[in-house]
Structures are given as structure tokens and as C-alpha cells.
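Chains as they are written, first to last, in the working numbering: chain V, 1266 to 1601; chain B, 1266 to 1601; chain R, 1266 to 1601; chain H, 1266 to 1601.
Keep in mind the hints are simulated off the structure, nothing from the lab. A portion of the hints provided could be inaccurate.
Copies of the same chain look alike in the list, so a pair counts if it fits in one copy or across any two.
[Unchecked claim] Below, a list of computed lysine to aspartate or glutamate pairs in the DMTMM-like style, where the Cα atoms sit at most 25 Å apart:
hint : residue 1 : residue 2
1    : Lys1309   : Glu1507
2    : Lys1400   : Glu1525
3    : Lys1591   : Glu1397
4    : Lys1353   : Glu1293
The lines below spell out each chain.
4 protein chains.
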Amino acid sequence: MIEVGIIGANGYTGGELIRLLDNHTEAEVTVATSRKFADVPIYKVHPHLRNIDLKFKKIDPSDIEADLVFTATPHGASMNIVPQLIDKGIKVIDLSGDYRFDDLDVYEKWYGLKQENPLESVYGLPEIYRDEIKKAELVANPGCYPTGAILACLPLANEKLIDKVIVDSKSGVSGAGIKPTDITNYPSISDNIIPYLVTSHRHGPEIQEKLGKFCDVGVSFTPHLVPVIRGILTTVHSFPSEDVSSDYVKELYDNFYKGEPFVSVLDVGEIPRLSSVRGSNYCHIGSFDVDENGRLVIVSSIDNLVKGASGQAIHNMNIMFGFNEKESLNNPGLHP
Amino acid sequence: MIEVGIIGANGYTGGELIRLLDNHTEAEVTVATSRKFADVPIYKVHPHLRNIDLKFKKIDPSDIEADLVFTATPHGASMNIVPQLIDKGIKVIDLSGDYRFDDLDVYEKWYGLKQENPLESVYGLPEIYRDEIKKAELVANPGCYPTGAILACLPLANEKLIDKVIVDSKSGVSGAGIKPTDITNYPSISDNIIPYLVTSHRHGPEIQEKLGKFCDVGVSFTPHLVPVIRGILTTVHSFPSEDVSSDYVKELYDNFYKGEPFVSVLDVGEIPRLSSVRGSNYCHIGSFDVDENGRLVIVSSIDNLVKGASGQAIHNMNIMFGFNEKESLNNPGLHP
Amino acid sequence: MIEVGIIGANGYTGGELIRLLDNHTEAEVTVATSRKFADVPIYKVHPHLRNIDLKFKKIDPSDIEADLVFTATPHGASMNIVPQLIDKGIKVIDLSGDYRFDDLDVYEKWYGLKQENPLESVYGLPEIYRDEIKKAELVANPGCYPTGAILACLPLANEKLIDKVIVDSKSGVSGAGIKPTDITNYPSISDNIIPYLVTSHRHGPEIQEKLGKFCDVGVSFTPHLVPVIRGILTTVHSFPSEDVSSDYVKELYDNFYKGEPFVSVLDVGEIPRLSSVRGSNYCHIGSFDVDENGRLVIVSSIDNLVKGASGQAIHNMNIMFGFNEKESLNNPGLHP
Amino acid sequence: MIEVGIIGANGYTGGELIRLLDNHTEAEVTVATSRKFADVPIYKVHPHLRNIDLKFKKIDPSDIEADLVFTATPHGASMNIVPQLIDKGIKVIDLSGDYRFDDLDVYEKWYGLKQENPLESVYGLPEIYRDEIKKAELVANPGCYPTGAILACLPLANEKLIDKVIVDSKSGVSGAGIKPTDITNYPSISDNIIPYLVTSHRHGPEIQEKLGKFCDVGVSFTPHLVPVIRGILTTVHSFPSEDVSSDYVKELYDNFYKGEPFVSVLDVGEIPRLSSVRGSNYCHIGSFDVDENGRLVIVSSIDNLVKGASGQAIHNMNIMFGFNEKESLNNPGLHP
């Protein structure tokens, strides 16, 4: 049984980590920090966790004792916390953007922050970096949009079939975090759809960098907020450089993701939905249709808080510690 | 490992049984029937169950071999299926209304059906009938509204503090079943609230009969359909015959439900929410406020498909077979 | 053409006043104030009003010139603004709670405020006080819950048929105002229902005082927040002192509301819905069912921002100035 | 005052026609047909129209007397009804797809129907065909997706700046019609997003044909169903053949749509939302952002039942009869 800490446990991703780890047979949350809610039982913030006997603690990162710490802290905050943990020999999975980029210039440009404490890290997408994750001290957990987008494009990029993709994503509102804003106020976003940062969301360059390791591709990304609690549906439009059929593409994806525990390649024409993966760590990928103009459409669906954040983080932990990869992540989606 | 059958597995409660049993360590679904979808993989109907390798079968009840069968069949259909199974020595948990009533006249009046095959059964609310369930051959799984309403009223009824209760319930749309109707069509019920069967819902007499065993009480029940997928929130208004305080009531509930694995008695003034129990088998009970007119308000929340149907059915199975009561039901709610 | 001012025009009720008055043939909004958004075009805050050429102004109430001013200001703020306007001879319709109560002690107890500037006012429910409104200088526009609840109970109270009513109300989230909060954040309230101030909402005593002028009745009120943008559905449970039939009650309501332009008395058993009155000034009242315990259920539905706030305010204005009562309020609800 | 008939008045578009025409000063609905609901008051189907005194009639098209008829009939049905009306000298606005295509082969291929009764018609998009509509006997009202998509692309097509566009549309569920289906059942589509007919929706070729008159462009169209009652948000991705700036594009749109009563060209970076046009006949067009890969994004929002169907039909009627174009369509959107 390993001891696990969560820094910044009062947000949605913190809540998800606690929820999912509750049934883990080899890991236990021993400390969950929150400056705002010090000494408050976690169920006051996460009412669904009423039967979990845990209180938020206000504790300095350097005083944490644990085998692994999840830093569910804001961009810019992580870079001041992670090094302290690494120095103590604690393994870290960071859910912020601070350690995701190989190219620090890209990070600093898009996040408007100076990376004060660069460290060696592994990008925590197991479908690409499983071997590196096994040995990592610091895993940078991928962004929510990049998880769905990269998984949807990866087999095509790996075959160098695409030089330009349009990634049109639709995200549930929990992706905006637990802090209420004008746009996430119920009457604003219910019965509505709101595109935002239409050509300037920082997850665009994250997708670009990671796919760019497989082929030379220009990623054009646009996110939309939709009246959904959880989930990201990503519609990828591309014009493959060669003439491909749906069946060919389907086979490509089947082969590429063979054995992956959390990627389900659907049948040709079968449609991924958010409800199929709600609350689960699965990514559904499907559609594979080609139209008269040679456009190929791939669609993926994930739960932004699970495969797009906390579930993937736990998956990474399972890999780092040699646990069964599906431990505590073995439930199907919640539909309806 | 016991073998479990599900008759009528293509509806919401059937899907929930399969979802929840997927992680059960002592029970396995070996047959899931559907006349409409014979030989179709279950994920074509339940897209979230894509990784469960099971096909619907069209099979006569008398040909089923299993240790236990869940009959997720319509009212009126169950009474023709259950006896065949019981005759074969198979234990049955029936999710219809056919075997819930002690008083057949009440059943026949409210369901407009003749009970052709009366059988001895136990009403499957473990919080009342745990000992009887242990020995039962046939358990009649409670209705969704009655589960939330009875649990909210039971400690008061047990103390004979109430002679009249108003049960104002708000149900998610999955309670209306998987078959689309005019009222459950998205544009009809989204952004809307629709009371229905305002004084004539048959769950009223079910609540009445079960509470009536504890005290002489008149139950006035009104259900509302609300734009929610899952969940029933029940607001119980009563005028206790004695002067009670919130703290007294809270203590009453704490004592009554002590040790119950799935009932959480909240603090005074703490508010049950649907999201706290979404996807889980918990029932949250709280509020306990008394107003200037002597009205006491108790509120309960459940997931209508889990504690209100399939989860409670599995709880009953666990009791019947001596399994750990929380087996496969151990997950917290899905919030947000 | 009269000139109309709106103080506090950047909230939901302010937006509704501008939206509805846009087509008024005898009134024109000449000033819309907002301290926060001084000199900002109103469509930056109210994106649906993009074609209305108006900017928010930061202006002292004493500098406003108008025939009528709507004060869409918070409780406690109105009492410092209204007297200045009245002194200048401007008629005022106040949308706060400051001038709604005859009994100042009740106001001060429930609002936790001292009424510094009491003034003579008329309670702006035209169905009761039409004649007084005609001559009023200051109209106190009713609360949203009281509008739906009083209209549902009034004919019964007028006949002295009730001595105790339970008012179980379900409100859309816009009732909580434009300012985002933890509870109104989309992931908190979507797919959820949250009762609040279960026995202590200050609209309870407002309903009590107004119905109390018709008969001696104890009002027990409980509000719930539901995942709906607009609308209040009010379910009134009562035990009439005499044996009444649905048809008798229906006739009572028909007679009482005969000629009222905005109250629709539905058929017996016909169910009011929020979608029927969405965006409109109508109140639908129906159900009229009596159960075996002698409980009578009346249900009403309104749009909380229109009949429950801005539409009713314009109705009052139309009465005060002798305009056609339906002027600018003549549209049906928006369904679906 | 002209007399107006509606054939197929029990669907959503029929309801919208009646709702919107209720305040028209020069047109009156004198007959509303429904085979299914003959002699039923319209409010039994359209509960928001409770105060409109009209009953559905079952009446043969050839027996209708009117100045204009809206045929809100299914594809394939219209072609058998419209000629009878035209023969009687009645002007017709057809809301089906039967008369939208110049190229009958395209129609027959995509609708799987033989056009038995071809007639001369004008495509009822006033922003292109105002002059032709003025003189038309038969107007083919555009599809809902094409309305939003064509308006978003038109100024670019007119300048021959695009040779390929990706149209990624998100539609509210009312677009699927009033008849409930598995996919539109509330628990299926709430909290979900479902792409459908990913590369094979027949509105694709409609957009293609109409834009094709302005420039040689390949249209790649994908629709998604989103948990929204009303509205279509269309995100158009294109790679203009020349280097363009946001400001240049904005000016292009301003000039193109100058004087159009129902098209609002937003500021650069201002985001169209469904809530801004809910219930109204406006189309908002905005964004105009260009990314590092030279991709230009244009976004449009409409209410699919109003500008995308019944409102546009009334706009066409106003043009055909020389009425004020905004008559009965003059209300802003309903936000929140």
C-alpha cells in the first residue's frame, strides 16, 4: 500500500482523485491539502464523498510525506511546489501545464509565465510514453483537450497521412473548474453553446508539439463550451494525403491501439458519445467517415475529469508503481 | 461465483444491473434476455458497456439456468414469469410492482391488473426487512419513489410521530424508462418541470402500505418530472403530533439508521442533493428543519436507477447469498 | 410617450425590462444606470439586446429625469434611492423587498435591515390591487415566489377554505441573479435539485402577509433550485376546511380570475408547465385534484423574470399610466 | 389583412408560425391543419398558445381558401400538396426540402425521392434572393443548417476567397422534430453530444448548391446534436486563398450585410451565442479570427425554429406581400 498526497484537493480534479482512489487496493490518500478549507471535512466541499473520512489540511509541500503526490495546482503554482517534492524523493504527477512542454519558449509564450524551475518530465499519455512513465520521477499529466485530440489523430500522424488537421472540440463546463464565473453561471451556459479562444487556446500548441513528434502537421484548434457537466467530444477534420477508405482507417486504429486498456476503437460509422464514457477512464474513438471532398472525420469522446485529468493521472501512477493498469479505473461509463 | 440472469435487460434497469455487476467478485451475469434485440451485442443498446462481452438472448424463462434471476419486466409481465423461475428453484428479485403489495386489492385497483399468480414475497427494502430477505425465495424490489419516501419517513413513523405526510417528489427522466414519449422528448422536458398523476400515482399506496405497518398515517403523494437524467429528491412535509426539535429528529434518524451501509444521515440543515448520490446506492437524508407553523421538513435523495432500482436489487442479492452487502456497490456518487 | 428610467439595469431584471419595453408604443427607456458598466453599450452585458442602441450610465438618482423609474436595486439599496425619486415627483416601481411589507417588523426581521425611509406604497399584484395601483406613486413589485404562490392560493383564501397551506416551489436559476455563486455554477446545479432555506426563506412571510388579508392561514414555504433557466412551478398542498370537488374549485378560480389578462385557469387535471409561460407574463393555474386524504393540490407556473419581476412591473406601469394593460406584454410563451 | 393557412400545424414549425403570427398586424391564421388532431384546440398540442382560439382542422388542401399557405409538411408530402395550392392561385411557402434544389438529381439522390411535380420556386433566403421572393408564387424555405452556414460563408464566397470550407454545426434537439425518438429521449441526449450523419447529411449538398452560385467551393459538413432546445451554432473553418486579416473580413461582412434587418455582424472577436438569438429571427455572425496556420474561423448563431424555419418563412411572406419586413419578427432574443 503506497501513501498518496494530493495538493490542491478542493477542486474538481482533486475530488475526482479522491473518488477514484477510494477503491484502490494498493494506494491510499493520506493527505489532501487545501489552503482555503484547512481542517474542513472534505464532504463539505465534495458532498458525494460523505463517507470518506478525510479532512483538508493546510500543510507546506516540504512537510508532506508520501510515496507519490498529485499536484492539482494552478499553472504557475506547480513549478514552485514540484521541485520541493522531487527533492525529497517523492514521485510527482503534475496536473498543471507547467511541465508538459519540451519547448519552454512555447510554454512561456502561451502561458505568459516564466518557467523558473525546469525539470525533466515525461508527458503522461500512456498510449505514447508508457515505457518512459514506468521510470519517471515526474509525470506531466496531459491537458484535457490534448488527450482527446491526440488520441484521435495519433494513428494518422504515425502514418504521416495528415499535414493539416482541424480540431473542433466541445467541452463540458467542469473543464472550466470549480470557481464560478460569468460564463459558467447556469443561466449563461445552459441551453447555449459558447466558442471561446477560437484560435488562441493554449491546448492548441500542446497538441501540435506532441503530434509533431510523429509527423509534420499543422493543428488548428477551436474549443466550445457546451451545456454538459463532464466530457469532451472532439471532431477532427482532415484531408489525408493519400486516398483512404473508412475500412483502412479503422484497421489502422485497431492495430495502433491493440492492447490499450482504455482506448475503445468503435466500428466504422459507430458514433462516440459523452455518455458512453461519463465518469470512466475510457476514450472512445470512431466514425472514420470520408466525404466526397476527401475529408476524413474522426471523433473521440472522453470524460475531461477522468481520462482528461484525474483518471489518467491514476493510470500513470499505476504504471509508475507497477500496479495493474486498470486498478480503481475499471468501471464502465455512467449511461444514461 | 453465482450465475445470474436478467430478464428484460435492454431497459435502463437492465443496463444498470449489468454495469454494477461487472465488478462483482461473487456473481456473474450469464444470461441477459431481450426479445427485441436477440443476438445483438449489449453495447448496441447500452453504449457505455462496450467492453462487456455479452449478447442479448431471446430465451424462454423456463429454459434459464441460474442461481438468481432479476426480472426487469413490466408490471403484469412479471407475474407470468416469476412463478416459472421459482418452480425451478431459482431465486428471484422482481423489479416490477407485481409482488410488492400485501393487500392484493390495493395492487389490483391501482395497477388495473388481476394478480393471476400470487406468491409469498418479501418487500426488498433492507432497512426494514433484512432478516426476511436473507431467507427469501422471491424479493419484490421496491418502487423508486417509495424507496426515497419510506426511508425519509420511517424513523418518524416508527415513533408514531406523524398521522399525515405530504410527499412532494421530483424525479429524473430515466424513471420514465427507455421508451421515448411525448413528455420525455428532450424539447418537452428540458428547461421545464411537469407534475403528473398529481394525486393518483400508484407509488402513493405503496408508500402508504409500508409506512402503515409502523403507524396510522395518511400519505399524500405528488410526483414531478424534472430535467435531470437520474435521481429522486423527496421533500416530506409533516406536522408531528408532538413538539420536536431539529436536534431531536436528527438523533432519531442517527439511531434508527445506525450501521446501515447505504443510508447517510446528514447534519441538521445539511441539504441532500441528487449529485451526491448520482450513480451510487446511497440515500442521503437531511434537513430536519421545523418552521413556525410546526411543520417538519425531511428531504431524501437517491439515484432512482440504483438505490431506487438496480442497486437495491443487488443489495438484496448480496443479503440473500450472504455476500458482503457493499460488494459491487461501494462507489461514491458522481459529482459534479 | 413617457420617459422611463431603470436603476440597476445590468442584472437580469434590468435586461428583461429593456427587452420587453423595446416594443412598447407608449414608453421609452431613456436612461439605464449601472455603476459597474458606466458608458458600456448594454449589449456587452445583455448580448441579446444587440440592436438596441443604449449605453449604461452612471448617474445619481437625484439627477434622473423621467416619468417613471424602475428600481431594480438590491434590498436595502432601494430605500435610499426611492425617496429621492418620489420627492422629484417621479413615479416609482421598486423591484426590491424594501416596500413590500405592511408590517415593518416582519420586514426588518426577515431582511435583517432597518427600514430607514418608510413610504406609502401599493403591493403591485394587479389581480388584488388594480385600483390602488392606478393611483399609486410608489408600487412595490411582488417577489417572484409570492407571485406564483399567492395567485395559486388566492381564490381559496378569499373563500376562507384554507387554514394551512404547504407551498413547495421549484425555481429556475435566474432567480438567484446574474452574479455567479458556488451553487449556481453550471456543474453544481445542472442535473441536480437543491432545496434551500427550507423553512426560512423570506418570501414565506411575504406570502403569509398578503394571503392573511383574506383569511387566517398559516403558510409553510419551501423553495428548491432546479436546473432550469427561467420559471417557478409552485405546488400548493392544502386540506380545505370543507369538502370540495375539483369542479367546484375550478369554477371558483374561473370566477375569481374572470377578465384577468394574464391569468389562465386551466381545465381540471390540465397541468401547468414552465415552458407554457417561458418569456411571457402569463400565470397558468391548474390541477385542482383532491386525493383520498382530502388534500387539494393547486399548481401554478410563471416566468420568474417576467410575471415574477419585470413583466409584472411593466403591467403595473401600464395600469398606473392608463395604457392598455397588455401593451408590450402580449406575446405567448416560448415553447419548446 | 391577409388570410393565412398552415398545413401540418401540429409540429414545432407549425407552432412557431402560429406563435409569431399572433401579433402580426396584416396577416391572420384562418386555418391550421392536422390530420392527427382534427377538431382539437391547438393548445392541447401547443400548451403555450393557450389564449389563441384556434382548432386544428382536417381539411383537404384543395379546399383551403387563403392568400398564402405555409406547408409545414414532410419532405415528399409537400410535392403532392403544393401544386394543388398553386393551381388555385394561392401563394405558398414550403418548409420542406422538396423545392429547394435547382438540380433535381441532387435532390433525388439525397432525399431518396422522385420529384413528381417540379415547379418553379425561389430559394427563400432573403439575404440573397429578396427581389425574386417579391415576385414569387412559391418560395422554398431554406433548411435550418443551410441558413446558418450560408449566411456565415456568403461574403467570403462572394469574394471568391474560399475553395474549401468545413462546416461544423451544433444543433438543438427541436431540429429533430416533435416526434420522440431513441436519440431525442431526454436521458439519451441530456449531458451528451451526438454527431450524426457525419459526412452524409442532406443539408450539405443544399449549402453546396447555394454557395456554388457564388464561387467554386467544396463544402464539408458535419452536424452534431447538442443538449439545447433551440438554436444552431455553426463553426466554419476555412483557409482563404489570400492572406486576410480579421479586420478585413469584418469589413467585408459589414458591407455585405449592410441594411439587412436580421443579420447582426458582431465585432472582431465577439462571440455569437445561441442565447442571443433564442426565439428571435436574428442571425449573429462573428469571431473572424485567423490562426497561425492561416485558418479563418467564422461563427454564426440562429434559432433553428425561427430564422432557421418559421421566422424566415414569415420574413418571406412579409416580402412577398410588401409588408414591413420586421412585422411580427421584431423581438430580441430571450436571454437568459
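How would you label the pair Lys1591, Glu1397 (within, between, both, or neither) given a Cα cut-off of 25 Å?
Within one copy only: 18 Å inside, 38 Å across.
At 25 Å max between alpha carbons, let me know whether Lys1400 reaches Glu1525 within a copy, between copies, both or neither.
Answer is within; shortest intra-copy Cα gap is 19 Å, inter-copy 44 Å.
Within, between, both or neither: Lys1353, Glu1293 at alpha-carbon 25 Å:
Classified as within: same-chain Cα gap 19 Å, cross-chain 46 Å, threshold 25 Å.
Can you give me the call for Lys1309 and Glu1507, within, between, both or neither, at a CA distance of at most 25 Å?
Classified as neither; 56 Å inside a copy, 32 Å across copies.
Checked against the numbered hints given earlier, the structure breaks only hint 1 and satisfies all the rest.
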